[in-house]
Every structure is written in C-alpha cells, then in structure tokens.
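Student: Please build the complete structure, drawing on both the sequences and the hints.
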Amino acid sequence: LAGSASQQLREIQTLARSLAQAPRAEQLDAVILTGEKQRFEALLGDLDAALIRQAARQLSLDKLKVLADWLGDELLEQLHRAIAGNQSNLPALGRLREALPQLVAYQRVRGRAGQLEATDLEFLALLRQRQERLDAIPAEALEATVRRMLNREARLGWKQRLEQDNPELLFSQDEARARVASLAEADVQMRALNRELLGKGIDAARLGSRKQWEDVTRLTGKRSRRLREFIELGAELGLMSLRPVWLMNPDLASRVLPLKAGLFDMVIYDEASQMPVEFALPTLYRGRVTVVSGDEKQMPPTAFFSSRVESDEAELFDGEAPDEDADEEQREAYEDTWNRREIKDCPDLLQLARNALPSTTLQIHYRSAYRELI
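Taking the UniProt record's numbering, the leading residue of the sequence shown gets 1, the next gets one more, and so forth.
Derived by calculation from the structure, the hints in this document are not laboratory data.
Be a bit skeptical, because a hint or two may be false.
The calculated lysine-lysine pairs, modelled on DSS-like cross-linking and capped at a C-alpha distance of 30 Å, are [said to hold, decoys possible]:
1) Lys211 / Lys222
2) Lys344 / Lys297
3) Lys344 / Lys260
4) Lys211 / Lys260
5) Lys211 / Lys200
6) Lys222 / Lys260
7) Lys200 / Lys260
Label-pair restraints from in silico Cβ distances [what the hints assert, rightly or not]:
8) Gly114 / Thr361: 46 to 56 Å
9) Gly114 / Gln298: 55 to 65 Å
10) Val188 / Leu357: 16 to 26 Å
11) Ala205 / Arg331: 44 to 54 Å
12) Arg223 / Ser359: 42 to 52 Å
All C-beta atoms, glycine included, are put in the ideal place defined by N, C-alpha and C.
Tutor: Quick look at the structure:
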C-alpha cells in the first residue's frame, strides 16, 4: 500500500512540474483549484490549439526561409507580419500561384530584355494595352496565338506600305474598268463641249461669207491655193478667230505664216534650250508677248553640221565704248551693235531669254511613262 501511494505521489509531482512549465501556469492553477473538470478540459484544448498554431507558424517561417532569396523585401516583411499575427498569407501567395504558369516564359523574356531594341519595347507596350484580351487566351495557346497575330500584323504592314508606294494596287479590276469607261465617256463629252465652245464667242460679222471662204479654201484644181496663200487670205476673213491656237515648229512658221508683226497675241517656245536664236527670230517678230520655257541642264543645240555665221560687224566693233565726246548717233550705234552681237553669241533661245526677260520656275513638273497621258 505504501509503495502504491509513493508511486502516485511521484506521478503527481511530475504532473505538477509539467503544469508549472505551462505557458499560462497561473490560469491553469486557478482552473484546477475550482475542481471543475469542464473548465480544465477547455483550458487544455486552448493550450493544444496554441501549440498547434505555434508549430504551424514555425513551419511557415521555415518554408519562408526557402523562398526568401526569391521574394522582395517588402513582400517578405508582409508575410512575416501575417505569420506573427496568425493571419492568412493566401491572398499574397495566391497571386504568385496564379503567375506560376507564366514564370518560365517570363524568365526567358527577362533574359532577352537587355538585347531588345526600342522597336521591340514599343511592340511589347502595345501588347500590354491588350492584356485583358490576351489573359482570356489559355496559357497553352497563348504563344501560338501571339505568333499568328505577329505574322498577320506584319503582312498587313507590308501590304499597307506596298499600297502607299503603288496606289494602283488599291484598285480592283472591275473598278479600274469602270474608271476607264468613265474616262472614255468624259473624253467624248469634253470633245463635244470643245466643239460647242469653239462656236461661241466668235463675232459672225467679222467672218467672211461662205463664197469668200470657198475661194480661199480651194486646195485642188487650177485655182487652188497654197498653204501660205490660204493663211494670208484667211486672216482677213477671220481665220485667227476660228483657229486662235497654232502648233508648229519655227521653220514651218517662217514658211507658211505671213511676216506680220504682232500676228499672234502670244508665242510660246518649248524646249528652248534646243533652239538656236536665229531660228526663233522670225516667230519672235510675229508675236506681241513671248513665253520661253526649257531646261538649262539639257544639252545645247549642236552646231557641228551647221556653217558658222560670219559677222560683218566684227571689224566695226572692237569692244570699246564710245568716249565722252561721242554724239547720240554714235552711242545708239554702239548699243545696237552690242545688242546684235550679244544675240548672235547666245548659244540658244533659253539663255538669251534668261538674260533679257523676267524668269520663273515651275513648282511641279509632270512626267509620265505613258505617251497617251502626255
């Protein structure tokens, strides 16, 4: 009996020491002194729960040490505070868990980011603007979808550049045919309107009678007229009113047009850099106003096959200006001689016009490979 009592006392002593080491020893003593079993069991349950929480906190801290090298300082501190306050870390860790499927791709892009050019970064910024639509694509299909999108956008960009450089590519075959037909119809209408316009604005009283014109326009038979005669006689009957515009070269103009000063209101020379001055003088005489056009960068007219024009004034003009005692007649003779020599020494009409007339430059010069358009 004494041995049994001694054994019980030792067990009670061991239990008392354990209770003394309990985290809340005073509270535990108070509950024991009440002698209520229910309160004692509740307190033990609280202690067990506290031990479980402590074990969980320690486990979380151990796991967090493994991730410490991969987490930022701010996030690491936030997780430590949550563990110490018995709060869940699922919201913060949940975002990491959601990002895990893209981690491999992110690390691959991160390694290449230093080699990306400014254009590549601009493209990635554009993709960021469409993040919501890209997020809706399953992760396993995202890469293939982006590749197809890049291929499509690149082809669309090339297509747009080609269309800008070649606007004709924007026209479909049916549209081109419709435009050609519309242009042909407009050309017919324009010709008809031109015929009507030619008959308007002409004073019929200034035109000769039909009988007078029949005599002038007879080009065959015994009483036929030569072209020069036709123009000379027709001018008196209103020919210039009926045909106000004439297109011909200087040689033909000299052979068929009357040598009459101011015969035309305006004479226009094209490609004047190819025309020697002496060829243009007869037509210059026949016009009231002269327009000279050409390109000074073109080759001047060749004089290889032409004979040299001898100047009978070379002996009369030695290049010295008359002295102060010269009279007005001598001064005028000097100026006339100087002007004639300057004209004859000019290689072409364009250079002479640039020296003697006001000049202007075209802002737009239209050229085309299609002769029909010119």
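Student: Determine for every hint whether it applies to the structure shown.
Tutor: Quick rundown of the hints versus the structure:
Between Lys211 and Lys222 the alpha-carbon distance is near 17 Å, which keeps this suggested pair within the 30 Å criterion. Between Lys344 and Lys297, the direct Cα distance comes to roughly 21 Å. Compliance with the 30 Å bound is thereby established for this hinted pair. Between Lys344 and Lys260 the alpha-carbon distance is near 23 Å, which keeps this suggested pair within the 30 Å criterion. Among the hinted pairs, Lys211 with Lys260 is consistent with the structure: their alpha-carbon atoms are about 26 Å apart, no more than 30 Å.
Between Lys211 and Lys200, the direct Cα distance comes to roughly 22 Å. Compliance with the 30 Å bound is thereby established for this hinted pair. This hinted pair checks out: Lys222 and Lys260 have alpha carbons roughly 28 Å apart, not beyond 30 Å. Distance check on the hinted pair: Lys200 and Lys260 sit about 27 Å apart at the alpha-carbon level, within 30 Å; holds. The hint said 46 to 56 Å for the Cβ distance between Gly114 and Thr361, and at roughly 53 Å that hint holds.
Taking the beta carbon of each, Gly114 and Gln298 are about 57 Å apart, inside 55 to 65 Å as hinted. At about 40 Å, the beta-carbon gap between Val188 and Leu357 misses the expected band of 16 to 26 Å. Roughly 50 Å separates the CB atoms of Ala205 and Arg331, a value that falls within the hinted 44 to 54 Å. The hinted range of 42 to 52 Å is satisfied by Arg223 and Ser359, whose Cβ atoms lie roughly 49 Å apart.
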